[in-house]
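Fit chain B to the supplied structure of chain A, relying on the hints for placement.
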Amino acid sequence: ILNVEQSPQSLHVQEGDSTNFTCSFPSSNFYALHWYRWETAKSPEALFVMTLNGDEKKKGRISATLNTKEGYSYLYIKGSQPEDSATYLCAFDSGTYKYIFGTGTRLKVLA
Amino acid sequence: GAVVSQHPSRVICKSGTSVKIECRSLDFQATTMFWYRQFPKKSLMLMATSNEGSKATYEQGVEKDKFLINHASLTLSTLTVTSAHPEDSSFYICSARSHQGSYEQYFGPGTRLTVT
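Going down the list, the protein sequences come from chains A and B. Each residue of the first sequence is one higher than the last, beginning at 1 in this note's numbering. Each residue of the second sequence is one higher than the last, beginning at 112 in this note's numbering.
Derived from the structure by calculation, the hints contain no laboratory data. All C-beta atoms in this analysis are idealised placements derived from N, C-alpha and C, irrespective of residue type, glycine included. Misleading hints may appear alongside valid ones.
Stated by the list, open to error - Chain B stretches covered by chain A per the calculated footprint, using a threshold of three residues with CB under 8 Å from any CB of chain A: (1) 128 to 137; (2) 188 to 200.
What the hints assert, rightly or not - Some chain B residues flagged as far from chain A (calculated, every beta-carbon gap over 12 Å): (3) S116; (4) Q149; (5) S165; (6) L179.
As the list claims (entries may be wrong) - Here are the computed distance ranges between Cβ atoms for each label pair: (7) A:K98 with B:H196: 36 to 44 Å; (8) A:N20 with B:S126: 39 to 47 Å; (9) A:Y31 with B:T191: 28 to 36 Å; (10) B:S129 with A:G60: 41 to 49 Å; (11) A:T22 with B:K153: 13 to 21 Å; (12) B:H196 with A:N20: 38 to 46 Å; (13) B:S126 with A:G79: 46 to 54 Å; (14) A:N29 with B:G172: 17 to 25 Å.
Excised from the complex, chain A in its bound form (with noise of 0.2 Å):
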């Protein structure tokens, strides 16, 4: 059974602070790294699509690496502002289109 792992499930920040989550996937049939950004009665929005070893993509405050040998990705948000709250979700890609998500992290920036 392929797992998708996201920590950690929420946390809090003050207006601001950097921060950063993690998304551990499985290392082997990958194709693609996916991170969403869904605030609540939204529809998920694509952020990154992530598909070699080593690539970092940046949009504005938000960057994202991806280590494929190991599994993981980082997201890193610069400088949180309180529009940023919301869950950021994590989806792995093997090629057949069937993404397997991850349970999210629940960002919540404090001002």
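Coordinates of chain B only, in the frame set by chain A:
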């Protein structure tokens, strides 16, 4: 671009009735649509994959007669929960892929189903 809508956002129905959930791609043609279910504090679990004009492919353990999926056009897929029971109460969310070879799936906002 790449907007997916889902309707209704919330629905309450009585046991034994059927409920239809619609998933639409608003600004692109979706060759493939996916239906997921999420139990409380659990991850999104893929239920089925549907390709326009063909039968859906269901994941192991998902009853195809209980969860009817129709993908009649390139912009619309429907999930019908037939003879709903309280244990079918859950959050259902769809996603769409724009074309073969695309990495990305674009998600709808989900539907909260409560069966009383």
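Checked hints:
1. 128 to 137: Since 0 is below three, the answer is violated.
2. 188 to 200: violated (count 0)
3. S116: violated (9 Å)
4. Q149: violated (9 Å)
5. S165: holds (15 Å)
6. L179: holds (20 Å)
7. A:K98 with B:H196: 36 to 44 Å: violated (26 Å)
8. A:N20 with B:S126: 39 to 47 Å: holds (45 Å)
9. A:Y31 with B:T191: 28 to 36 Å: holds (31 Å)
10. B:S129 with A:G60: 41 to 49 Å: holds (44 Å)
11. A:T22 with B:K153: 13 to 21 Å: holds (19 Å)
12. B:H196 with A:N20: 38 to 46 Å: holds (42 Å)
13. B:S126 with A:G79: 46 to 54 Å: holds (50 Å)
14. A:N29 with B:G172: 17 to 25 Å: holds (21 Å)
The structure is inconsistent with the numbered hints 1, 2, 3, 4 and 7, although it conforms to all the rest.
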